[in-house]
Amino acid sequence: MAECVRLDSSTSSHTMDKSITLPPDEIFRNLENAKRFAIDIGGSLTKLAYYSTVQHKVAKVRSFDHNTKEAASDKLYEISVQEEVTARLHFIKFENAYIETCLDFIKDHLVNTDTKVIKATGGGAHKFKELIERKLGLNVDKEDEMTCLIKGCNFVLKNIPHEAFVYAKHADSEFRFQTTYPEIFPYLLVNIGSGVSIVKVESEDKFERIGGSSIGGGTFWGLGALLTKTKRFDELLQLASRGQHTNVDMLVKDIYGGSYGSLGLTGDLIASSFGKSATADKEFSKEDMAKSLLHMISNDIGQLACLYAKLHNLSRVYFGGFFIRGHPVTMHTITYSINFFTKGEVQALFLRHEGYLGAIGAFLKGAEEDNPNQYSWGENYAGSSGLMSVSPDMNPMQRARSGTFDMLEMDRLERQLVNLPLLQDASSYIPDTVDLTEDALAREYWLYCFEDALDGVVKRAVASQPDMPEAAERAEKFRHKYRHKLQTLRHQPFAYGSLTVRSLLDTREHCLNEFNFPDPYSKIKQRENDGALKYYQKAVKSLDELSWEERQFALVRGVLAGNVFDWGAKAVSDVLESDPEFGFEQAKRQLEERPWLIDSYDQWFERLKGPPHKCALFFVDNSGVDIILGVMPFVRELLSRGTEVVLASNSGPALNDVTNGELQILTERIAAMDSVIQAGLREDRLTLVQSGSSSPCLDLSRLDKVLANVVRERKTDLVIIEGMGRAIHTNYYAMLSCESLKMAVIKNSWLADRLGGKLFSVVFKYEVPPGKPSQNSVAGMPS
Amino acid sequence: MRLISEKKPAFPWFGMDIGGTLVKLVYFEPVDITAEEEQEEVENLKSIRRYLTSNVAYGKTGVRDVHLELRNLTMCGRTGNLHFIRFPTQAMPRFIQMGRDKNFSSLHTTLCATGGGAYKFENDFRTMADLELLKLDELDCLIRGLLFVDRVSFNGHPECYYFQNPSDTQSCVKKPCTLDNPFPMLLVNIGSGVSILAVYSENNYKRVTGTSLGGGTFLGLCCLLTGCETFEEALEMASKGDSTNVDKLVKDIYGGDYERFGLQGSAVASSFGHMMSKEKRDSISKEDLARATLVTITNNIGSIARMCAVNEKIERVVFVGNFLRINTVSTKLLAYAMDFWSKGQLRALFLEHEGYFGAVGALMELLKTTEDP
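Going down the list, the sequences are from chains A and B.
Residue numbers are given in the numbering used here: position 264 of the first sequence equals residue 264, and the series is strictly consecutive.
Residue numbers are given in the numbering used here: position 5 of the second sequence equals residue 5, and the series is strictly consecutive.
Heads up, a few of these hints could be off.
30 Å max Cα-Cα, derived BS3-like pairs, lysine-lysine [claimed, not checked]:
no., chain 1, residue 1, chain 2, residue 2
1, A, K286, B, K240
2, B, K368, B, K120
3, B, K251, A, K127
Since the hints were made in silico from the structure, they are not lab data.
Can you make the complete structure from the sequences, with help from the hints?
Encoded structure:
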């Protein structure tokens, strides 16, 4: 039934498709909470969108009430797993052939009866209207196709980093992802469906169809089917990719015998598409004709797009529509055409979630009362298929069964995410230090590394839920899912945008959450926090006994030694697991002696002799020794100097990183033993804020809006970033507009090797932005 | 008298434009030959003249477009008739062979040639027929020839025409016009492929762009789709077909107009779009396919031309090239497309001698440069 993709034969053709078995519970997830349906029916693919609320477990920490006697436990705080409800957007793409089966499945599983309406868009919407209304009992409410497309496009450009990419067939990495522009408008959207629409988008609500063409995907398909007797669009593309267009096209050299020099037209240029086929006495191969057709159509569209881009003076041109939809062949020919006609002035841009734009837009139209545009959304790597998941060109074997279903899930983030106001240039900021999409060696290493660590993660996940017997089973599901993701990324490193250590870590967190392991390290963190707290006063006392100079150095060493305690790093988690007594002092001995690998301690020390900073923003890392014995004494010293401190910690758990919830409790406990911290809190000179992130890494372009406001209000003039995830895997090269301090211990021998150091090498990077002389010219010792 | 004649190039006077599909040949037949000249004239030359002027078809594929003949034309001080002859580029080897058989090289004439074939076949002319070509740039020749023919007029009638009421098939009529003050003009030359030129004066022009979707594409696709063999056959079929059986219209997708964007239901949304469906593929005729191919190619050229006109800020768009020969479907469609999409701002102009201007331009070069030996 490969032919069932036709619109106009809908009634006759999909009765047989019931025989196709789906694993629909893995595809149409959370239907029991689903509401606000939207559907986009194209010529061959249907995209369904809905909104669900996801109940999932979150680990909460709660301080024991220490005034009451019942707090018999010697534990510092109580960990409880609670159910939390968050909003999620589901987008599912499948072939039109499955539409009836899918509608039946939805009807059978839909619980929520408040839903009365389904928003619909796409050329096929009116043809399937009756079927949808009958099957689902919902009223089909049609939305304008182009409006939906644009709304969807704006949404993904705003919410998904690395949404847009440039395609370069012969480069090391075919996909070069673009950093998100803070300002996405204006742009040109060239939608290549059956025909072509060219739309200029100037703002969220202002757009205009400035042109179009009837020569589009339908022409390729229709004409291709006539010429080659090949019925399917993908098969036509496959034919084309094997063909030689020069057998069918008349080239400049066929007319001139060479190039047309005076016009700069090279001999290989196509002078007349199909120019050689105007003869009755020759047979042409299907492949060659398909290739010629592909070139003809791609060049034509590229040319028109360029003419419109030039007329409207636009340089950002996104291409979409089923003709493009993840097909390397067409992305290549369109890119080639754009380069040819604009001589490189305009880049052809493509979108990872291009196929979903209409469905997203229709959904947004229907969800206006929920104000989805008011929130920030994040791509859920666990629930999303990734680019090329079903591309026939990449993976012809996967076409069967569920392989034809592609999914995108987006989680509503509980806060709006914005740029750190202290970035020197937000538009050129790239959080990640190494792009693994481009660096094959690094990619191989890290993929291996994450795969290798998987056993340990599974073990820890199970151990974190000792009283839940099915935890082992869930952990196995997690293992399966994450391993599958790693395998996908090995073949398609571009699946979720640029592959980075951060994205690998985030994917793991998403997968853990997916199987209700919200915080595998909660117990470990608790134990370590407990242990470290007991040592706090002693540590502070010994620091206070040092001279000012000695103390400054000891504080830095303390932060660094604390940072050795990291379960996220393989080298350390081995040691930690074999020797739980691994102590703070031992860690200090482990540290590299000065001069460190990166060592600007002298400049930092000189700076400390100058006037205090107004306010320091400290992005903290791990629980336990790190935060309590390393960071807190350092913070204490800053407070004593008269510097306000903003401690930024993760909103949600990631590895053994200290979360905002935990840090609240820890800080209260420390305040109870330490008058400096106590005064800081009381006088509001020490503030705890959430970063907005649940990642072991740090993206300074996606931070909690509250944090950004605090940073602005307090006139922050120092940013401290601690740890390998935040200061080396990310932000190593981040340029800030104020002084910054990046501190980390390299706990991975491969990375150490790469940076020219060794295991436990120290990075201490103090930077003053150009044009802002450090203020150490002001002499004088602090009291 | 001899002095004057010595400055003129020796007969025969030819201009040739060797394109990707067709060779266009113009031949100047002097009608003011004096008795003295007649006596001196070699037999060879006479036979060529007789052969060309007494026939309207040459070999299997050569054709003289008698209706285009320019009579009593004065060129270079001589009076005569200008003949317009065409044959397929595929027949070029036979043509060169004939040049050798007729001992053309003994005539001491210069063969002025333009088009890509002037380069491609230069060596063949030299080695096979001992003929040296004077190669000329095709766009230079095109513009020069076009301006000349327009200037001398078509036997007293204007060379140029347009369509009045292009948007209404009932009242759409061809109207002659003059090309006074032709500059600037956007010149769209539709041969096998398409070149689009912005012309500011006889010697000042630029090639704005081009497209490979041209006459060659129409014929090539028609041959593949319908099994036809000639342009005439293809056009004949196209004239009987209905492209809406093949193309998907806006109303086929939206059930009517797409009002949000002001697109009429009758506009083509997707050329060949219906052909995605097997039933439709099985139900259409060859004529429908030929028509759809013609409409697709024509509309596309119109669309690109219009964008160029807007980008170059030129209101006069002149369409030439052999694709337009006996092709009123395309000329009317272009006229309509220009008018409709520009809301009357642009006017499409056409010329009676469609594809021959390059050859005429080549001939003019002969008359300008050659000297009697």
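Against the structure, the hints:
1. A/K286 - B/K240: 28 Å, holds
2. B/K368 - B/K120: 24 Å, holds
3. B/K251 - A/K127: 13 Å, holds
Checked against the numbered hints above, the structure breaks none of them.
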